[in-house]
Amino acid sequence: MLGLNKLRMVLGAATFFLILAAIYMVFLYAPVPSNVTDMPEVQKILYFHVSAAWIGFLAFFVVFVCSILYLKTRSRKWDLVAASSAEVGVVYTSIVLLTGPVWGKAAWNVWWTWDPRLTTTLVLWFIYVAYIIIRNSAEEDEKRARFAAVFGIIGFIDVPIVFMAIRWWRTIHPLIFESNSVGLTPKMLTTLFVSLGAFTLLYIYYMVLRLDISKARLQLAEIKERLRSDY
Amino acid sequence: MITIIEAKQLTKRVGAKQILHGIDLSLQSGRFLTIFGPNGAGKTTLLKILSLLTSPTSGSLMIAGQEVADNAADLRKQIGVISHHSYLYGNLTARENLLFYGRMYQVPDLEQRIEEVLSEVGLGMFFNDPVRIFSRGMLQRLSIARAILHNPRILFLDEPYTGLDLQAIEILNSVLAGLKDQQRTVVMITHTFDVGLALSDEVLIINKGRVAFHGARSEVGSLEEFQDLYREKVGGRN
Amino acid sequence: MSHFWSSVRAIVWKDLKAEFRTKEMLSSMLIFAFLVIVIFSFAFDPGAQSVKQILPGVIWVGFLFSGILGLNRSFLSEQINDAISGLMLAPVDRAAIYFGKVFGNLIQTTLVEAIALPVFIILFDFNYAGSWLWLILVILASTFGFVAVGTFLAALASNTRSSEVLLPIILFPVIVPVVIGAVELTKALFAGADISTVMIWLQVICVYDVVFTVVPFLLFDYLLEA
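Residue numbers (my numbering), protein chains in the order written: chain X, 44 to 274; chain G, 905 to 1142; chain B, 86 to 311.
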């Protein structure tokens, strides 16, 4: 128990410092791109926007893998990890969907561009929400885990097909400009990687915290059950 | 007489709950086994495993000498189940319900067989009525017809007397007696002690997911003696 | 193997027989499709030049919304009287239940679409000059994908509370590729364009159909566990 707490403290501290480093690099280290003339500082949102997007998709990949593992082993821990990853992942995906329009409006005066990656992220967000609602609608623990796992697999397999479809769809209906033509200099690339690392650590840290809460809830439920059957 | 059901150390775990804790059961063909036990003891779960509706978490099961794990789909042809639900479709007629199940079980000479079972359960006149207008007793009788349509070697019944009127009870009793005469194997869960005991060759008491008692009818004595035995095995509270 | 498909046929027969006795579901789906058409007519000016642009989308929205009505109910008949256990006790692979339901739903949905489509075209005063064969193929292929994954998710949803609200939420994100493909293909056919320019969408839909028949087929047993 003590060892676990120490690990969590170390993880928490590391995450905190890496995030600080990322913020420093984003605001003070990374240069502003030269080809953007209107409010160039807004471009810096990219570091968080892109990092959050990567983690949003990674988190769903984790849901996918844990879903398969749960169905194969029926071990509850895979279900808990999947659930935690979905909760953290949907928050990250929401961040992507919030920062996208902010950047779009500030930089190009358009709220939403139906950009293939952003639109796929929107569909991913709906799949996450569907996954979470399934978990809330199932009436028994075992059903909840099983149904969520099945949907996790279906949802994940759908995402690449959605992306391809939207990409072709957008080539037929191009908008007046393309939004993602930002060239990245080495300094910017480094900043991006640091942000990515910071977000990844944050994801892991949140997962650990969330899993602890789940375990505590389970213990509580078991105690209640024992009291109930004794009575 | 062969061992038609051979179950070794069956366990069933659903999520965090352990429902069955290692059940051993050996049943010879042609025997009538009645299962008793308090609510929540795991009787229905055991029946679901033995009737191949669900698989155990661990343990082995052989039906008619064959491993269930390899042959489940085929072995189901030899099994019939009567539950307190009828497994019937309200918008179809009695005859159509039986046509459907007959096709699913690949029953030969289906039309003729349907007439046979319908008259056996006393529903010959109602074959063209949609099932949703049937009374509970009639539903149960049709359910019996459905279960014996494919001439199963083993018949499983889960509390079949629930909510039946007198006429339906009589028909059920006569069907069960007929099955005994035909040397079919029957496994029945019931709460009605007198009928359950009277029909049985063997008695099984399940409590808290374990076998509390398994013996021949002759070992058990009269109805009162059995009720004492039951109370002793299951504990004061029921 | 032969018993597998004869069981599938038996299940389709059972569902269609039961449905045609009352025609409750079919008539509800039809009325709903018509309602969608009429509401869209009020929402978008049916006489305007832009009709050709939006009509394919309107048609598919109508098909999908009325289709989901049918999907919602497809497992209801198995829940009353616990008939699903009766099916699971039968000596056949459980995937036969999945395919039986898919084909049953497919037949009912395409029947509604076949009746609703002319009504759409008439109400929006549209002259279809393109190939009917291609149009039918597009509608069939797209509806199959929708029904294949929709039946699977309907089985999932029917086992939860608030199942009718749940199904649209979990189904619509998953069918995005089919919606895009179906609308693009229909649009091209309505505009009289050469089908080869939009062949890619037919390929997308076919890939989708295969993937979302195979994956549910593999996962269906997990939904049915007693």
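The hints are simulated quantities; they were obtained by calculation from the structure and are not laboratory data. Quick caveat: nothing in here was measured; it's all calculated off a predicted structure. There's no promise every hint is true.
Quick list of in silico lysine-lysine cross-link-like pairs, PhoX-like style, CA-CA up to 20 Å [claimed, not checked]:
| no. | chain 1 | residue 1 | chain 2 | residue 2 |
| --- | --- | --- | --- | --- |
| 1 | G | Lys921 | X | Lys258 |
| 2 | X | Lys186 | X | Lys258 |
| 3 | X | Lys115 | G | Lys921 |
| 4 | X | Lys186 | G | Lys921 |
| 5 | X | Lys120 | X | Lys230 |
| 6 | X | Lys49 | X | Lys258 |
| 7 | X | Lys267 | G | Lys912 |
| 8 | B | Lys137 | B | Lys272 |
| 9 | X | Lys186 | X | Lys120 |
| 10 | G | Lys1084 | G | Lys1112 |
| 11 | G | Lys1137 | X | Lys120 |
| 12 | G | Lys912 | G | Lys1084 |
| 13 | X | Lys267 | G | Lys1137 |
| 14 | X | Lys115 | X | Lys49 |
| 15 | G | Lys1112 | G | Lys921 |
Beta-carbon label-pair distances, calculated as ranges [as the list claims (entries may be wrong)]:
| no. | chain 1 | residue 1 | chain 2 | residue 2 | range |
| --- | --- | --- | --- | --- | --- |
| 16 | G | Asp1013 | B | Ser126 | 21 to 29 Å |
| 17 | B | Ile165 | X | Ile256 | 38 to 46 Å |
| 18 | B | Leu303 | G | Lys1137 | 28 to 36 Å |
Negatives, chain B to chain G, calculated, CB over 12 Å [said to hold, decoys possible]:
| no. | residue |
| --- | --- |
| 19 | Phe89 |
| 20 | Trp98 |
| 21 | Leu115 |
| 22 | Ile169 |
| 23 | Phe257 |
Where a beta carbon is used, it is the ideal one built from N, C-alpha and C, also for glycine.
Problem - Holds or violated: X/Lys49 to X/Lys258, with C-alpha atoms at most 20 Å apart - result: holds, 18 Å
Practice task
Could you grab the alpha-carbon distance between X/Lys186 and G/Lys921 and see if it respects the 20 Å cut-off?
Solution key: holds, 13 Å
Problem - Interface-negative label, B/Leu115 against chain G, beta-carbon threshold 12 Å - result: Nearest chain G Cβ is 19 Å from B/Leu115, so the label holds.
Problem - X/Lys115 paired with X/Lys49 [C-alpha distance capped at 20 Å] - result: violated, 32 Å
Practice task
Decide if the proposed pair is consistent with the structure: G/Lys1112 and G/Lys921, CA atoms, cutoff 20 Å inclusive.
Solution key: Answer holds: G/Lys1112 to G/Lys921 is near 12 Å, not above 20 Å.
Exercise for the section: Measuring Cβ to Cβ, find out whether B/Phe89 lies farther than 12 Å from everything in chain G. Expected result: violated, 10 Å
Problem - Straight-line alpha-carbon gap B/Lys137 to B/Lys272, limit 20 Å - result: holds, 8 Å
Handout entry: Nearest-CB test (12 Å) between chain G and B/Phe257
Key = B/Phe257 clear of chain G: closest Cβ-Cβ about 29 Å, beyond 12 Å.
Handout entry: Holds or violated: X/Lys115 to G/Lys921, with C-alpha atoms at most 20 Å apart
Key = holds, 19 Å
Exercise for the section: Below or equal to 20 Å on CA atoms is what counts here, so check G/Lys921 against X/Lys258. Expected result: holds, 17 Å
Practice task
Verify that the Cβ of B/Trp98 lies farther than 12 Å from every Cβ atom of chain G, and report whether the claim holds or is violated.
Solution key: violated, 7 Å
Handout entry: Pairwise hint evaluation, X/Lys120 against X/Lys186, where the allowed Cα distance is 20 Å at most
Key = Measuring from Cα to Cα gives roughly 15 Å; hence the hint holds.
Figure legend: structure checked against the earlier numbered hints; hints not met, in rising order: 5, 7, 10, 11, 12, 13, 14, 16, 18, 19, 20 and 22.
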